[in-house]
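6 protein chains.
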Amino acid sequence: MERNVVVRNIPRADPAVIARLGSAGVATVYEAQGRIGLLGPDIAPIQSGARIAGSAVTVESHPGDNIMIHAAVEMVGPGDVLVVAVTGPSIYAMVGDLLATSLRAHGCIGLVVDAGIRDSAELIEMAFPVWSRTIHAQGTVKAHPGSVNVAVSISGAAVDPGDVVVADDDGVVVVRRADAVAVLEATEQRLATEEATRARLESGELGVDFYGLRARLHDMGVEYLDTRPTSAES
Amino acid sequence: MERNVVVRNIPRADPAVIARLGSAGVATVYEAQGRIGLLGPDIAPIQSGARIAGSAVTVESHPGDNIMIHAAVEMVGPGDVLVVAVTGPSIYAMVGDLLATSLRAHGCIGLVVDAGIRDSAELIEMAFPVWSRTIHAQGTVKAHPGSVNVAVSISGAAVDPGDVVVADDDGVVVVRRADAVAVLEATEQRLATEEATRARLESGELGVDFYGLRARLHDMGVEYLDTRPTSAES
Amino acid sequence: MERNVVVRNIPRADPAVIARLGSAGVATVYEAQGRIGLLGPDIAPIQSGARIAGSAVTVESHPGDNIMIHAAVEMVGPGDVLVVAVTGPSIYAMVGDLLATSLRAHGCIGLVVDAGIRDSAELIEMAFPVWSRTIHAQGTVKAHPGSVNVAVSISGAAVDPGDVVVADDDGVVVVRRADAVAVLEATEQRLATEEATRARLESGELGVDFYGLRARLHDMGVEYLDTRPTSAES
Amino acid sequence: MERNVVVRNIPRADPAVIARLGSAGVATVYEAQGRIGLLGPDIAPIQSGARIAGSAVTVESHPGDNIMIHAAVEMVGPGDVLVVAVTGPSIYAMVGDLLATSLRAHGCIGLVVDAGIRDSAELIEMAFPVWSRTIHAQGTVKAHPGSVNVAVSISGAAVDPGDVVVADDDGVVVVRRADAVAVLEATEQRLATEEATRARLESGELGVDFYGLRARLHDMGVEYLDTRPTSAES
Amino acid sequence: MERNVVVRNIPRADPAVIARLGSAGVATVYEAQGRIGLLGPDIAPIQSGARIAGSAVTVESHPGDNIMIHAAVEMVGPGDVLVVAVTGPSIYAMVGDLLATSLRAHGCIGLVVDAGIRDSAELIEMAFPVWSRTIHAQGTVKAHPGSVNVAVSISGAAVDPGDVVVADDDGVVVVRRADAVAVLEATEQRLATEEATRARLESGELGVDFYGLRARLHDMGVEYLDTRPTSAES
Amino acid sequence: MERNVVVRNIPRADPAVIARLGSAGVATVYEAQGRIGLLGPDIAPIQSGARIAGSAVTVESHPGDNIMIHAAVEMVGPGDVLVVAVTGPSIYAMVGDLLATSLRAHGCIGLVVDAGIRDSAELIEMAFPVWSRTIHAQGTVKAHPGSVNVAVSISGAAVDPGDVVVADDDGVVVVRRADAVAVLEATEQRLATEEATRARLESGELGVDFYGLRARLHDMGVEYLDTRPTSAES
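Protein chains in written order, with this note's numbering: chain A, 142 to 375; chain B, 142 to 375; chain C, 142 to 375; chain D, 142 to 375; chain E, 142 to 375; chain F, 142 to 375.
Now the stretches of chain C that chain A is said to cover, found in silico as 3 or more residues with beta-carbon under 8 Å:
(1) 176 to 182
(2) 301 to 312
(3) 333 to 344
(4) 353 to 359
Don't read these hints as lab results, they were simulated from the structure. As the structure is a computational prediction, the values presented were derived from the model and not from experiment. C-beta: ideal position from N, C-alpha, C; glycine also.
For reference, chain A alone in the conformation it holds in the complex:
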């Protein structure tokens, strides 16, 4: 049956690739990699305006127990993002400002956690970005085993240790480590296209022309009328 393990060494993607994924942001990376890897909107930022990308150090915790997060601190390196999954639904505060201080001291640049957090004002003040299920001060214990740096599943997304996690105001997306270079390439192509599109749309060009949607609307039976029909049904 399931062993509980703490894995010391994990592979990581190229820091330059990670940084460029981060600057593209969640929505663009999610699109560029084929609309996969997105966490649900229930894992939301506690701050506004943060955008990070880093390598996932993963934690599988018992709900309401943060002992494995303490174990994970030792495994964190510069540029890592801690990703905490729980084995059952939970809104306990898994992390507060002390644990965040410890994570940061070891290089961690942010936290994604499928549970609650607390000391939210302090976390924002110390600019340690967090994406969590809720803000709630309810305290945890240190009594149940779990694992660090194993495959986890969080809010509908699978994460392996070393995968690239991108997070911003839109949520969190996971890029498989093996796909990072290819996804970056697709991302940068997409960014270039978006830039060109933005300029045309700003100038007033219409997406229905631009994307060739008029024919599709016609084929779907959408009719253009000068005024609303006078009959009862809309």
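Fit chains B, C, D, E and F to the given chain A structure using the hints.
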């Protein structure tokens, strides 16, 4: 059966009336028009501090499909608010920064949408105010017909094209176009009354005196006691 | 059966004790008093960055009716926090800027309410902090009796009039008046300990060493591995 | 501004058409009319196994107030379904067994209500089917005006008085009265097709063959493999 | 600060009074006692058709810990209902079929719990009725102190040990022990009135006449029309 | 990047092992395997009284698209359970009675799906058990690629093709195929223990004695009192 139509021309209320409704804000307008037309709190602002009023250009979309929003851009004029209803529950991102850029280029001043949006940081940075069900990057398709400028229903409120939409940090309220002048009149009377009331309350006068509630409290059997009763029940 | 009463005089804790509890914040006070008295995360701040502590003036209201809040204004004194419980689930706006103006004129420093509020922009602008279930403009009536300064229950926490309410970005915690001094003592011990811990964690010391967790992890069967196991199961 | 009215006479669809729509059920009618008119899953049956169809007598109520339902009883005729919308979110019990007894005495065959109900055991025992937002005993008042037999919006669907309401274990769908005959025709075609399809599927034929999906899967890049790839990524 | 206690002896109401309250059901008792004491609809029956009344043996538990329920079994007597409150939100299974077997062996007739339960099929089969927040198999620990037979608060209702708990398909209502006789009297008067009302409504009499609502509707400005107005607004 | 694949052959556990796991039920298996593998309570049975166990055939679908379920039918064998994960939140009806008919024709004994289903009455009547997020008739398309028989994540649990899925009224639990024999052994030991425990509890023995909890309660500071303390605090 239902036709899918895009209606080009809609009536609009007097821009001066719209502007004055906007400056009064959601709560006052909602009260002034007899406590109707309010959307539920599930459609919430993604930013704080925005307050807008405009004419509704309405969209009825298939969930997870934003082709009709592209069709709607062409129908938007200066000062309009896009109101997007869906034919089934959805948290897909119906609008991102590119579509917002296009809407703004045609004069649109804000968006009310019964679904998700993405690029939230960019939308806030470009000061394009949005009221939505959630923030979520999940992408849409362009495959199902819908309508533009038909009567829609969104979060419990009915909206006709050309109705006045007022939105701020408290949510969104819809004023029927035909009622706009009368509602404005009631709104401005209410504002004047509120101003006078505020001054009296600031000076320490009590609402129980001011609104004549002491007699009502007495009639309902509410007793005033100097200290808590010592018996077990409160 | 239940009488509806308005109680004029309530005991209060020592203002100096209240102030020091307030500066410690919700998470620390909640921990210091043995993890009790915390409201659920459904009662959340409408602003960010506020931290208050005060004596509870309690209101038991019929859902959708704010007449008892008007009655409560007269009972509020400087430094009090109004705590409004409802006898059934509700998202009506129980308080807006006028009532907040009146509360403040009588010394009230904040509001905790198990329902909605409105005029949220105005409340934030006037720096009157609020913890509520939702923001929603839906209006109330003044038609059903209730009580002021009786024992109430709100979001899982019991509150007696005169209890100390501490509220910040993490939520709301209630300290029994009779426990206030003892809880403060425990709180300040905890703060001192936290400060020392923070310094050690900032310097890179590990919580697993610091808190003596290595033995516990070992006893629970957690194994340390240098790399991920190659077998199928994680 | 909005008038509050009780409309005595409404048009209704042909009872034979209504009955045949009812026997087809919600999912089939919803599909047959082009995937519109479906209420959200938040309006759910309190019983299992009921399936009804009838003409909508509509009510627009203040939340927590059922006076307009009393007014509506007089307007109900044999075979009608009462559809109760509210002007704001609510979980009050709008109907209990007494009101259901009264509705039934006037011919009403069921209730769809965007709020709570109570006496659920008695309602099930008397076989009066109900689709509601929740079961909750919280009581209403009779203090706010509303309307009977006006256009309403409920859980994302618009309903006019006299529209056909079909409800079963899958939820509730609304067929516009003017569309009832055409929708019935499409429904019965669909039923016939479904029957044929069912027979073929029962015999083991595959939908991928039957619906011609193999080519589509191929075009979308889906590969068929004999065994799972051995590489790390799935 | 809070002591954790297990109280052996509690007062109970007269069994005959309890039984008659039980036969009246939740909605009637709730109304008869002035619309107080009702738990929110989030605490719902796992079975259908059960109706019980008994004396509350109360438990205050740490979330995810059921040791105090084990302690409570010894304090349960014939006809008691176990009422389990938690000090923080939780969906853990606090009770399964073994604990229910133990509770029943000591006379307990049902369970109200602000958390999850499991072995739901077995509980229904053994006819041990349960009202809970959810059904979920997630397991608990036995590691945190709590109390038995102290005042608790559950889903918005306060419960003292020995209070009368009535529960059925509509939910759960609490009658203060000291009020039980008076509430029973009011309940039986209400039942008599309801019976008479039911007969008149069954015969087709209208509530608008019966309750004298026509004048009220008129005073509120509700107009009766023979047909829908032809103008645009409803 | 992610390939979309349909895998034809998957390993399965021994049918005798699967059957015995099934007869033990969700709660017991979940406990026996160390409290892992449980889906959240949001995936709930649409029927009551069903209990199944089978080998997982997994599907990863785009939300609102069921083409991959059609592809999966061909891969289903006798005794399999279809497990459908989605790449984003969704309440669309992914399966109705036709698709269930087809699944059954190929040996499938039940469905676990992180989305909606429809034709619920028909599914119950044909005794095809389903665990889903909701019941909702909203229709899907067949337009987006996905995979069959890859590793998926559903409601917090990871599932590999060929894992054992046990589902009953308490929810759904997943046993890793490689662990099935060991988990069965632990399960049957647990069943035997439970049987002995049940007999002792039925006879009135107390869990506090039986499980040796009295010492633990004492150590945690829980005091036994004959009557409630008379002071104000409980």
